[in-house]
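> Here is how the chains run, residue by residue.
There are 2 protein chains.
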Amino acid sequence: MRDAYHDSLDAITDELVSMSRLVATMMHRASVALLEADREKAEAVIESDVEIDSINQEVELAATELIALQQPVATDLRMVLASMRISTTLERMGDLAQHVAKTARMRYPDSAVPSNVAEQFREMATVADRMGAKMAEVLGSKDLELAREIEADDDRMDALHRQVLDILLSQEPGPVNQAVDVTLLNRYYERYADHVVSVARRVIYLVIGERSRT
Amino acid sequence: MRDAYHDSLDAITDELVSMSRLVATMMHRASVALLEADREKAEAVIESDVEIDSINQEVELAATELIALQQPVATDLRMVLASMRISTTLERMGDLAQHVAKTARMRYPDSAVPSNVAEQFREMATVADRMGAKMAEVLGSKDLELAREIEADDDRMDALHRQVLDILLSQEPGPVNQAVDVTLLNRYYERYADHVVSVARRVIYLVIGERSRT
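If you read the sequences in order, they're chains A and B. Take the first sequence: its position 203, counting from 1, is numbered 212 in my numbering, and each next residue is one higher. Take the second sequence: its position 183, counting from 1, is numbered 192 in my numbering, and each next residue is one higher.
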């Protein structure tokens with residue numbers, strides 16, 4: 010029974026790893042769509058959101074079945090429940106990538122990012138890519154050191170978020186749609202990074218919980 | 010064993026009902042804080058967010074214990090898992106109420122809502138109150154008709170959200186901080202309503218799932 014449990018949990022973990030890679034790719038493409046006003050990439054992101062939603066439903070189903078059939082307790086149960094939560098978080102991250110892509114598409118052929126904050130958004134995109142790659146790696150390897158690095162990346166994202174807001178608030182009144190776009194985009198990147206942190210923290214909590222038991 | 014399960018599940022449902030009432034009160038106070046520039050109410054909302062976070066953790070713990078000890082399957086298991094998800098959603102709604110309150114506090118003694126969209130925000134606040142009250146009622150009573158009304162309320166919220174955006178985009182460039190505030194507040198109310206819909210849908214899905222089983 011323990012083996013069947015671990016096989017099923019491994020299958021769920023594999024799904025989470027591929028889901029997280031897909032989400033990271035979506036956000037990367039959304040950023041390219043945004044920064045280079047690339048409409049095809051924007052469309053690709055918007056289309057792949059259904060894929061994320063469907064993997065999320067599969068994970069929910071697989072985790073529910075695993076609990077019903079294997080009746081795990083203690084750390085084993087916490088692991089399955091954490092997988093469900095991580096899947097929900099990844100689904101939200103996919104939504105955020107989609108929001109970024111939709112904003113890019115709406116302004117096409119212009120860029121939704123005005124030049125006075127372009128540098129900050131380019132770095133936010135880089136930080137989001139880095140965080141997404143680390144998250145996928147952490148989900149597979151349970152590497153605690155890497156999981157902890159994610160907090161530092163998030164600090165950088167928060168600093169950039171603040172910078173964009175400061176630039177926005179200090180500028181002369183300009184086109185309102187630009188202010189609206191920048192405000193929302195700024196929030197999407199910040200929320201995306203917050204979600205990566207929450208995934209990393211769940212992994213850290215589980216690994217440490219499991220260790221302290223053995 | 011079945012009775013122990015139902016007792017525990019009832020206790021969790023009671024927690025969800027009081028949590029949802031607290032969230033609805035927070036959002037109501039946040040709206041008053043926003044529309045009447047009432048700093049005390051804003052502070053009260055910001056303080057009560059820790060309470061929501063702690064109830065959420067209690068629900069998570071109680072649900073995990075319930076699964077470990079009673080090992081429910083099928084609909085019983087889906088009910089417990091749904092309670093955990095609803096609790097997470099309520100926690101997010103508390104965060105949104107807190108964001109509204111923080112925006113109100115930041116602009117105090119001014120109002121963060123400019124007069125040209127005040128009417129829309131007043132109605133958004135009313136719709137949010139109505140939706141919050143219905144959600145608490147639905148969680149306790151599992152009243153499907155009421156749960157379905159929530160979709161219509163959400164349509165109204167979406168229409169108001171759109172109106173605010175239209176007004177914002179059609180106005181002459183003005184103070185950028187106002188555009189930023191209105192953009193984010195508009196999003197907070199819309200997201201809050203989306204969360205109410207997701208709670209209502211979970212309840213509908215569970216009640217119909219249970220019925221189709223009997």
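Everything labelled a hint here was simulated from the structure, so no lab data went into it. Heads up, some of the hints might be wrong.
To give a feel for the contact side, a few chain B residues facing chain A, derived at Cβ under 8 Å [said to hold, decoys possible]:
#1 Pro118
#2 Val185
#3 Arg196
What the simulated footprint calls covered on chain A by chain B, stretch by stretch (three residues with Cβ under 8 Å from a Cβ of chain B suffice, anywhere in the stretch; the number is not a length) [what the hints assert, rightly or not]:
#4 33–41
#5 57–66
For each label pair, taking beta carbons as the anchor points, the in silico distance ranges come out as [stated by the list, open to error]:
#6 A:Arg165 <-> B:Ser179: 52 to 58 Å
#7 B:Leu78 <-> A:Arg157: 29 to 35 Å
#8 A:Ser27 <-> B:Glu154: 26 to 32 Å
#9 B:Asp152 <-> A:Gly218: 35 to 41 Å
#10 A:Ser179 <-> B:Arg48: 40 to 46 Å
#11 B:Tyr117 <-> A:Arg165: 53 to 59 Å
#12 B:Glu67 <-> A:Gly183: 46 to 52 Å
#13 A:Glu132 <-> B:Tyr117: 50 to 56 Å
#14 A:His15 <-> B:Ser207: 31 to 37 Å
C-beta: ideal position from N, C-alpha, C; glycine also.
> Each hint: holds or not?
Hint check results:
The interface hint given for Pro118 of chain B is broken, as the beta carbon of that residue sits about 19 Å from the closest beta carbon of chain A, more than 8 Å. A cut of 8 Å between beta carbons decides the hint on Val185 of chain B: the least distance to chain A is about 5 Å, and the hint holds. At a threshold of 8 Å, the smallest CB-CB gap from Arg196 of chain B to chain A is about 7 Å, leaving the interface hint in force. By the rule of at least three residues with a Cβ nearer than 8 Å to a Cβ of chain B, the coverage given for the stretch 33–41 of chain A is violated, with 0 such residues.
Only residues whose C-beta sits within less than 8 Å of a C-beta in chain B count toward coverage, and the stretch 57–66 of chain A has 0 of them, not enough to reach three; the restraint is violated. A hinted range of 52 to 58 Å for the beta carbons of Arg165 of chain A and Ser179 of chain B is inconsistent with their spacing of about 37 Å. Checked against the hint of 29 to 35 Å, the C-beta distance between Leu78 of chain B and Arg157 of chain A comes to roughly 34 Å, which is consistent with it. As the Cβ distance of Ser27 of chain A to Glu154 of chain B is approximately 41 Å, the hint placing it in 26 to 32 Å is violated.
The given range of 35 to 41 Å is respected by Asp152 of chain B and Gly218 of chain A, whose C-beta atoms sit roughly 39 Å from each other. About 26 Å separates the C-beta atoms of Ser179 of chain A and Arg48 of chain B, a value inconsistent with the hinted range of 40 to 46 Å. About 31 Å separates the C-beta atoms of Tyr117 of chain B and Arg165 of chain A, a value inconsistent with the hinted range of 53 to 59 Å. In this structure the supplied range 46 to 52 Å holds for Glu67 of chain B paired with Gly183 of chain A, their Cβ-Cβ distance being about 48 Å.
The beta-carbon spacing between Glu132 of chain A and Tyr117 of chain B, approximately 33 Å, falls outside the hinted interval of 50 to 56 Å. Checked against the given bound of 31 to 37 Å, the beta carbons of His15 of chain A and Ser207 of chain B, roughly 32 Å apart, stay inside it.
Comparing the model with each numbered hint stated earlier shows that hints 1, 4, 5, 6, 8, 10, 11, 13 do not hold.
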